[in-house]
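From first to last, the protein sequence lines stand for chains A and B. Note that the first sequence covers residues 1 to 365 in UniProt numbering. Note that the second sequence covers residues 1 to 818 in UniProt numbering.
Hints are supplied without guarantee of correctness; some may be wrong.
[As the list claims (entries may be wrong)] The calculated lysine-lysine pairs, modelled on DSS-like cross-linking and capped at a C-alpha distance of 27 Å, are: (1) Lys666(B) to Lys764(B); (2) Lys756(B) to Lys734(B); (3) Lys764(B) to Lys282(A); (4) Lys340(A) to Lys809(B); (5) Lys150(A) to Lys749(B); (6) Lys314(A) to Lys666(B); (7) Lys340(A) to Lys764(B); (8) Lys622(B) to Lys340(A); (9) Lys340(A) to Lys756(B); (10) Lys734(B) to Lys282(A); (11) Lys155(A) to Lys670(B); (12) Lys749(B) to Lys282(A); (13) Lys354(A) to Lys809(B); (14) Lys266(A) to Lys809(B); (15) Lys349(A) to Lys622(B); (16) Lys692(B) to Lys314(A); (17) Lys809(B) to Lys349(A); (18) Lys764(B) to Lys150(A); (19) Lys349(A) to Lys734(B); (20) Lys150(A) to Lys805(B); (21) Lys764(B) to Lys354(A); (22) Lys764(B) to Lys293(A); (23) Lys666(B) to Lys622(B); (24) Lys293(A) to Lys809(B); (25) Lys805(B) to Lys147(A); (26) Lys734(B) to Lys193(A); (27) Lys805(B) to Lys349(A); (28) Lys294(A) to Lys692(B); (29) Lys666(B) to Lys143(A); (30) Lys756(B) to Lys143(A).
[Unchecked claim] Not close to chain B: a few residues of chain A, all C-beta gaps over 10 Å, as computed: (31) Gly22; (32) Ser113; (33) Glu281; (34) Val311.
The set of hints was computed from the structure by calculation and includes no laboratory data. All C-beta atoms, glycine included, are put in the ideal place defined by N, C-alpha and C.
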Amino acid sequence: MAHITINQYLQQVYDAIDNHDGSFCAELLSFKHPHVANPRLQLASPEEKCQQLLEPPYDEMVAAHLRCTYAVSNHDFVEAYKFQTLVAEQQLQKKGKGQPGEMLEKAAEQLMSCFRVCASDNRAGIEDSKKWGMMFLSNQLFKIYFKINKLHLCKPLIRAIDSSNLKNDYSPAQKVTYKYYVGRKAMFDSDFKPAEEFLSYAFHHCHGSSQKNKRMILIYLLPVKMLLGHMPTHQLLRKYDLMQFADVTKSVSEGNLLLLNEALSKHETFFIRCGIFLILEKLKIITYRNLFKKVYLLLRTHQLPLDAFLVSLKMMQLDDVDIDEVQCILANLIYMGHIKGYISHQHQKLVVSKQNPFPPLSSVS
Amino acid sequence: YLMSGQASHPQANGNMGNFSSGDGQVHENPEWEKARQALASINKSQSSAKTAQAGQFQPAVTDSAAIQQQQQQQPQQYYPWYQQTQQHYPGYTYPYNYYYPVGPPPPVPGMEDQSTGYPSQSQPPPPATPQQPQSPTTSEKPPPPPPPPIPPPPNSQYPPPPSQNAYSANNSMQYPHGDPNQMQAYNHSQGRPNYGQGFQAQHTYQPSQNTSQQPGQYVPGLGRGEANKNKNQKQGQQLWHRMKQAPGTSSVKFNIHKRPYQVQCSSMSNQSFPPGEQPSGLNPTPSSPSSASAAPGGAQTRPQDWPQAMKEYVQRCFTACETEEDKDRTEKVLKEVLQDRLKDGSAYTIDWTHEPLPELKVKQSRWESVASQRSSDGSISRGGSAVVASPRGRGGAHRLGHYRNIFSQRSPSSSSSRSSSRSPSPSHGRNRDRSNQRHRRSDSGSQSDSSISSDLRPQLSRRSQRGGRGRGNDRDRGRGGGVRGRGRGGKANRGRRNMDDSNPAVGKKRKGGNAGLDFHDPNREAKKQSRAARFHKQLRSEPLVLSINSLDLPDGTQEGLSWEDCPIVGTCQDITKSYLRLTCAPDPSTVRPVHVLRKSLQAVKIHWKTHHDYTYACEQMKSIRQDLTVQGVRTDFTVEVYECHARIALEKGDHEEFNQCQTQLKALYKDNPSENIGEFTAYRLLYYIFTKNSGDLTTELVYLTPALRADVCVAHALALRAAWALGNYRRFFKLYKEAPRMASYLIDKFVERERKVALRAIAKTFRPDLPVQYVQSNLGFSCLDSCMAFLTGLGVTFYPCDPQKIDCKTSTAALAAS
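Assemble the whole structure, with the sequences as input and the hints as a guide.
Shown next as structure tokens:
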């Protein structure tokens, strides 16, 4: 492959197109493929050859690709970029100016029109229905929508897939991808239970050799699991190179607010880029709960003075906390069901239930 | 019908066989390249040899008018054909068309030839095969509605077209032969009446045979390719004639013919490309059969003279056609273009190898226009009863043709067939003229043909109308077999329904075309080769030129629309100006330059401070913004204007304007950092809190630099966000009270919402009671009264004994309900 002639290369491209072998064709146009290092393909003007062998628009694409390999071999990366983007043509070319999401939105439009075609294919038989393309297209659309922060556009897609009678028959790979995005969407909508369900499905059904994908799934599954009270093991984090979560996990389960704040700020960039910073922030509530549970365990009483909580918070170096804020935090915990009890404003005490005052997180909705 | 169809088929087959025998040696369908090469060589030789011939012929043709007429006539002929085919469809069943042509040689010997030729046999070049079917069907069948000739043609058509293309070189050959062809054609035309009576099949076949023979005779000197070409041409001509005759002829044959027809079309196009004929042919003007014959003649003269590059160009054009529709279109376009070129002599100077393919330019729009023309022409020209009938058919065909274009690619072929059918009707003035000319050249038969055809046509059209819909559908399905075919057929059917009765027939044709496509599969090898052949000359008439600029073009055009690319400098000196939304290009005399705008801004600020008239301020600010935008001014001053307007809008709670300003500011800050960047970033964060847009919040966080985070406003917004996220109302309202600059205006938008949420938690948490004071201080109420108003507004209950204490338990229910 690395030493084929231009004609052989073009023939391969032609065959790939002719055989509808999209993945191989993609390889032949990819820069991850060894053929790009083949000096015989690095032509300054491949247009003519391509034109002879291939039909438009493929001739232009391939010619641009070959020209790009030529440019790369000359270390002219600017030009190489331009030509490779020409290969990517239409949708994938990026504009230096303008909205970064502009081309993505255009791509989404195109994909959406394809999706509509697929979704409206009611005539063909099941086996060759275009509906089989729905999930793949919606997955691609999800990818774009997540990139351009248009999560609300995912809803109709999800509805369409959900109402499809094929939804359980798509390929596992597509289903995993689909569940991954749907899970992420549920997570951002604060629907943590379904999010856990979808992401767990994706994680369990993801192919074992796709460590990278499993890691991506875990990045979202972990916060959701933690919010629901399931803490990941150290081994898991190590296996998937997600040690950024290690301190978070530890601090949450210990109720160590100080450590949590440190961990969050330490890996803030990573978490923000993954889009989970705001989710992880909610772990503070769990951490409060765990911290206050310790106070309760220490005091061994059902009538806990609010001052005790204030002290514990001060210990966590939250210096600007006052008794009102303690009441506020407790009010939220009680309101959310993390603590069974009530506050007596008059006596400045938290009165907790004698039975199970701190119900397990998994039982709290 | 069936009976007649069968009979006709055998005959046709026989004819075909003859052709094939002659042609078969010459070319093998599958091996297009070889054929091409042969043709190319032949063409060269022919061209030289033919030039002499051409000289002979040319004289007649030389007259541009005559040529044009001929061309026109040809198209007309096509029309009749279509009509016939349409008619056949209704009456006929697909199976015949399909099976006969496609299947291995049917019982009849002639059939065998056809079948063999199509699939793989070495028979005459593909064109020959297609032609054969066409000729028999076209000539005789056109009249009878039943046969669904169209379907078969598609199959045959597809393969054939390429062959024809390849043969394009043949054109030159054809020309010399063209005369004989014409003669034959005339003969056929003469025979037409008979056909119309019912003999059609036989007659048609005979003509085809004759033609084939003739070509062979003429051709002998020429290479195989030439012979093939000649045959093709002849066949094509014959077909044309038959087409004309078709009106009277039975439908059965048509099915077969259609294929040939398509082929013919392609061949015709090749021959006559210059052919204004195609377009004209498409047009309703029904040229007499003679026209068909004449057309070849015209083509002959030209093709001979054509520069090789031009021939190749024509070939390329046709090879580039994927569908029959495309071919039809190309045909038309080429005719027009090449005619013009030949006329003004530019044909010899143009670099044909770089000439863009016409198809791309023309396509649908042209097609439509042509169709409309045709329909109109047909109606007008065909005043006679017979003529009238045919016009309808034509019109319908056109319409259908449009539909086809829309729905199926194959439609082109159908259109061509239509054109042929039209041409047959000789009654019209144009046709007559042409026919006369033709007569001069060859025979008088054309006139008689025309009359006959006209008589027959009405019948045909009626038939087609009757059976068209149902039959057409059936055929399509049968042919198509695949989902595609059905889908198209269905669409076509719809279109037909909408259209007149005649339309259905057209639809059938389309379907047939579709079916043809499906058929190709058997000939995969041939198909591939033809494709490969195509690729050689192929596609891009202009050499592919990679230019990065092309990438920029779209951008450039887009940006051309932006103000930056067409800066104007205003001359207006007015300090105030009312805002009007621009509906056209701005007039500099109404636009204020920047130095005036500065004064304007000051004036607006002062006015705002003294009068607080938001309507006025907003209008003035908008007009200032507009003037800046129009002049492409994006400077610090622009930032100042937007910031000012954003603040005013914020103060007055004008979301819309505020957001517009924020959007602009975000973009402006990239180039014009302002000291207020933190302030407006904070506003943006707060606004996301207001909209609960955690996604945008996250992205905003990504782009927050440490320096920005240190900004007072941003830090405050971030702290507020953190408190908000955790429901820490205590901290949230503490921050609310400390809001810097105008942040509180924004927070005001969602303070009520947050208070409600907080109050629910509070009511649920505190027992048994809670002083209102706590709520007031924790939820950021400035005074007790406002707090009480808020609480009572939510249905919170108080202890009767102490109205300052909230009854939390009962209030919880009320709050949950609210």
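Which constraints among the numbered hints does this structure fail? Numbers only, ascending. The structure breaks hints 1, 6, 8, 11, 14, 15, 16, 18, 20, 25, 26, 28, 30 and 33; every other hint is satisfied.
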